[in-house]
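Go by the hints and put chain B onto chain A.
Line order of the protein sequences matches chains A and B. Taking this note's numbering, the leading residue of the first sequence gets 1, the next gets one more, and so forth. Taking this note's numbering, the leading residue of the second sequence gets 1, the next gets one more, and so forth.
There are no misleading hints in this set.
Listed next, the stretches of chain B that the computed footprint assigns to chain A, with coverage defined by at least 3 CB atoms under 8 Å from CB atoms of chain A:
#, region
1, 94 to 107
2, 271 to 279
Capping the alpha-carbon separation at 20 Å, the derived lysine to any residue pairs in SDA-like fashion look like this:
#, chain 1, residue 1, chain 2, residue 2
3, A, Lys212, A, Leu116
4, A, Lys214, A, Leu119
5, A, Lys212, A, Ser190
6, B, Lys94, A, Leu304
7, A, Lys214, B, Pro290
8, A, Lys214, A, Leu116
9, A, Lys214, A, Ala198
10, B, Lys94, B, Thr195
11, B, Lys94, A, Arg305
12, B, Lys94, A, Glu201
13, B, Lys94, A, Thr310
14, A, Lys212, A, Tyr112
15, A, Lys214, B, Phe281
16, B, Lys94, A, Val122
17, B, Lys94, A, Ile297
18, A, Lys212, A, Val117
A short, non-exhaustive set of chain B residues, derived as facing chain A with CB atoms under 10 Å:
#, residue
19, Leu91
20, Gly116
21, Leu239
If you are wondering where the hints come from, they were derived from the structure by calculation, not from laboratory data. No residue lacks a Cβ here, since even glycine has one placed at the ideal position from N, Cα and C.
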Amino acid sequence: MNRHDAARTGIAGRLSNLRPTGTVWAVLALIGFIAPLFANQRQTYVLMHVLVLAVFATSFNVMLGYTGMVSFAHGAYYGVGAYAVTLLWIHLGWPSLVGFLLAPVIAGAAAYLTGLVALRAVQLYFALLTLALGQLLFVVAFQWRALTRGDDGIHGVALPQLLMPTTNRYYFLLFATAVALAILGAVMRSPFGATLQAIRENGERAGFLGIKVKRYQLASFTLGGAFAGYAGAMFVIMDRGAFPLLMHWTTSAEPIFVTLIGGLNAYIGPTVGALIFGLLQDWITRRFVFWGLILGIVLLVIILRMPGGTVEGVQRLVAWIGRRRDRAPRGEPFDESSQPADAAERPREGAPAGEPTAGGER
Amino acid sequence: MTLDMLVLQLLTGLSRAAVLFIVAAGLSLVFGALRIVNVAHGSFYMLGAFLAVTVAAFVGGPIGFVAAIIAVPLLVALIGAIVERVALRSLYDKEHLLQLLATFALLLVFHDLVRGIWGERPHRLTAPDLLRGPVDLFGIIFPRYNLFLIGAAIVLAVGLWALMTRTGFGRDIRAAVSDPEMLGMVGVNVPRLFTLVFALGAGLGALGGILASPRSTVLLGMDVEMIIQAFAVVIIGGLGSLVGTAVGALLVGITFAFGVLFVPQAAMAMVFLVMVAVLVFRPYGLFGIPER
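For reference, chain A alone in the conformation it holds in the complex:
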């Protein structure tokens, strides 16, 4: 079955030869730290958006990349997180930072409850059921004017004095991003994360091993939803507001795009994707109205030609350069060319020859 082939091609193989990732994280963190020094107000906003997207998409990839589930309700939990902060502030007068801490809990609870229902179905129907549930939450936010002020949204959330300057807000969000990515990364490397991957590779076999598949899927869904809510709360810190569009299913599509662009087979993928997506979106929309046209074409090309996204593209490039370097002095054209070419095309079968194998990890 194709699906199984595709599933087998997932992370386990990829992650093992991702040792240079630490360097990439360090570089990203460094850029994150010094970027505001060179950015004006608008550019700082773009960077904050990138941070929000990175957490949002990484939380989504817990389900997509690690557990093999597609949800179209993810935007709804993002919105629940954003509304958690704004509604607690506007109705109860709670400080936004308290809301910030409660947002993932509330969004996680919403994800748990809807996940209970959605996991009645599998695969495609699961995806479509999450679409319905997400839209249901959206309609509630849109129509329940007394609670959410409907389409007008809620604006001007009060932030602590310290967070009023844009740069301070940026560093707060950078710290929040680091915390979220560290937590999710640790969870994904834990036995729990490994179990999720086992379920993605082959749910039936995982079941035979005695793993309660549905329970783990629900846990993954809840975890993803909680961190989507966390990202939504980050959005409120950035934008100081919340509106129903945050919960629309087209918002749920955003982390999917980001994840695909970056690469769903690597933990760092969604973060890389968020950086590319955020900067590209800003750059294009200021010059050209047809952002959707360009995004659509980019996505089509990625889906058709490079399903592993940017991360895999770079890996292939590195492998290709490495092979060329290897080949030149030795000069064994026949033997060398056939094997690595095959490995490059199907890099998922384990670490290809010539690349550093960090097989010990898993």
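Leaving out everything else, chain B in the frame of chain A:
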């Protein structure tokens, strides 16, 4: 609440169901044969409406609408065929998710193309005088156009049923639903069949867009609005089943109409609730078959 009002609301629901059926039938047909959930189906719906505005204006007069109904679905079917050949063909052996996302990408592309060609301004498509005005149905005053919609959907449903059960093409489609590989082995040109089915589906989407337009405005964004409702219909009915699509359209249309009557704000929420309820008890929809 009088009985008349209930009947009126029921008829309104039926006319809504009529459009939903025409659009969702195309979506369901494509899923049945190609196993692709086509998000870009909403684009064909919108494209149909916008092209109809242009064609109707070009031809002019009351014939303009008729000309649009005949020419535009064919044109969009052609566009659909090209899309299938260029973008979707290489996706058949990929995961469901990637197919879904590829059609989502197509939706974005079409959305901006329509925006580039027709602009952000809303447009109007007027039905010919013959189809306008009220009609008296045993004391119930009802828009004549809505009655026309119900009639059109019934004619189309019978036509599709005849196509599926009485022609070789329909037989091939039904065979493709159960086993495309085997169908290829007995000598049917399956790739060509897929292109034709996709074109037919696109044409149905466009037809739905044209028929829906005189009741509202032709507006950028109608693609996303419709696809979500069409999804609700086919999910409730069961993806790939024509009977299911009809039942789903009726359920969604009537639920919405009565929802508007009783709790206007929650009409759409009620549709999603119906969808959730159906899927919880029948995870493959009312008439759906478990995925192969």
